[in-house]
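Chain G is fixed; fit chain A onto it per the hints.
In order, the protein sequence lines correspond to chains G and A. Everything in the first sequence is counted per my numbering, starting at 1292 for the first residue and increasing by one. Everything in the second sequence is counted per my numbering, starting at 319 for the first residue and increasing by one.
Treat each hint with caution, since some may be false.
[What the hints assert, rightly or not] In silico lysine to aspartate or glutamate, DMTMM-like type, Cα no more than 25 angstroms apart, as pairs:
{"id": "1", "chain 1": "G", "residue 1": "Lys1478", "chain 2": "A", "residue 2": "Glu403"}
{"id": "2", "chain 1": "G", "residue 1": "Lys1337", "chain 2": "G", "residue 2": "Glu1376"}
{"id": "3", "chain 1": "G", "residue 1": "Lys1337", "chain 2": "A", "residue 2": "Glu496"}
No lab work stands behind these hints, which were simulated from the structure alone.
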Amino acid sequence: MIRYIVRRMLWNLLVLWVITVITFGLMHAVPGGPFDREKPLPPEIKANIEAKYHLDKPVVVQYLYYMRDLLVPRYSPTLPTSLQEDALIRWKIGPGYFLWINLGPSYSSRSRSVNDIIRQNLPVSFELGVYALLVAVGIGIPLGILAALNQNTFLDYFGMSLAIFGVSVPVIVLGPILVSIFGVWLKWLPPTGWGTPQHAIMPSIALGLASSALIARLTRASLLQVIREDYIRTARAKGLAERLVIIRHALRNSLIPVVTVLGPLFAALVTGTFVTETIFGIPGLGRYFVTSITNRDHPVIMGTILIYAIFLVIANLVVDITYAFLDPRIRYT
Amino acid sequence: MATQAMRRGAETLAVPTRRPVGFWEDAFYRLSRNRAAMVGAGIVILLILVAIFAPFIAPYPYDKQVLTDRDKVPAWMVKVFPFMEPYARISDRYLLGADYVGRDLLSRIIYGTRVSLTVAFVGPLISLIVGTTYGLISGYFGGRLDNIMMRLVDVLYAFPGLLFIILLMVFFRQVPQEARSVWDAIRIQMYKIDAAFGGMLFIFVGIGLTAWENMARLARGQVLSVREKEFIEAARAIGAGHLRIMFRHILPNIIGPLIVAETLAIPSYITTEAFLSFIGLGVNPPTPSWGLMISQGAQAIRTYPNQALAPALALAITMFAFNFLGDGLRDALDPRMRGTQ
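Only chain G is shown next, with the shape it has when bound in the complex:
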């Protein structure tokens, strides 16, 4: 098990490294630099700014600079004052500060580094993502179980039609509908904004509903398969109450495919979707994905993509380890 985890982590590090290379390469293949304005800057000033951020160097050298800032930890007696020297991890150890993972300055913001952006906006996206996941699991799994236990009855058809309905309304559709009905028309909830629990209700539902439909279908299919297994018949034959058979024996194994999709789903929900955050006016990380690319804000592009990839990789690893706990037949070597 330990060996398996270590091997997977090494493989994941390789994946992350390849992602940095691809992103960096694509980013620099895109024409236009971060300081090309409609009203061009005087050439001397542009040259100075570009020299400050090493943009006058070849791409490979820029990449090495970036990786150095990202990977090499530093120890400094005071907190860094310049945005270029900032770091994501700032721990006070002894008299000074341990600084690690510097994602660099943001070209388009003069007051915040990428580290600041991640520190301030990621928690918002994370919170929204967790709520959305709770919505997805909270609706999806019970609906799937209900449909499977009443296979080919009205409840089953109703539940699965509901699931198709859910899949058919992505955030881009559900967002405007929810805002106009509950925010603008009935005035039950604040239409946009973030901060109070009331603000979180609509975006969580809009973001989580499509995933809940996916989970419901998966739970149903998987439970139907497990229920036909011999050990379920055994459990029934020895006189266990039906409720115990389902909860203790069937459900546990049937959740494996569900857990598989939860991994990538969680990463996607947490890193925030641009549409949800735009429609509901939420100050999350999602909008930086898009604005940074159109602004050619290289460090923000790299930072947001890396954070997403790290979430994805960790989520997948956790999923694989969860398998072993859910199904004792799975062993890793």
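For chain A alone, coordinates are given in the frame of chain G:
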């Protein structure tokens, strides 16, 4: 439906051996029994007709701006949303209202079917061709090549797909002023073609370059299950080449599940296009796309909810239709997969 069942019954009575029912005929029969799928198919056909005959159905051209008619709403809309009363400027010339530059929303929605439907049919085609070829080669040759090709897919899989599309879009949309190399010349030419199609070409390229990974994995798995069968050995024994075996013998045996998977993926292609247009990297204005309309409508959602609501509902209905049809098609082609993903 009943008559078909009776006809079958009569045939069984008349002759002891039952008339053989082909795979596709059987699948079609099952599909026609699925009411939800039939409704979906009906809506899809209707949408296709709307897309083809858009100029005859739409009351106005999609890009006709009447600046004095900005944000006008029809009388019935004010009855539905009474809060609009104090500020609404009423005009019954527009059935669903006009947008922020005075273009008819209904006409733009009608023309918008063209974009969504083109994506719904071309997207799967590109991903099917690329993914199947990749998976065929990987699975058929196996060994080290298979290993390398699949690891590449793994890496691309970990790369957030939408971000990859966004990067590609920015890359394609920014073309150099003058061609300094052959590569530049190709890009400028592509940009011109794209502009001629209202920005659709790059959407297809973007979707094609990101959506094939699933298909490649699926195809490879299918190839592995067929590769060692006797009929492949027989084909090899009579001297068939690699290409012939791959495309004439293996492909027809694995194409069914691939088509089903693509049908089920159609809604995700439609969403991708809507998303790209929503963030301003999709079709070029004034080409009407529902995603673009939702994004523009969302700006005024507190005052004129109809501007975002109308295209959102159009998108929802289209997604419904394709989802129900895809679901029915999967059940019909492979009854064992019923209710699974």
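A quick look at each hint next to the structure:
| no. | hint | in the structure |
| --- | --- | --- |
| 1 | G/Lys1478 - A/Glu403 | holds, 16 angstroms |
| 2 | G/Lys1337 - G/Glu1376 | holds, 21 angstroms |
| 3 | G/Lys1337 - A/Glu496 | holds, 23 angstroms |
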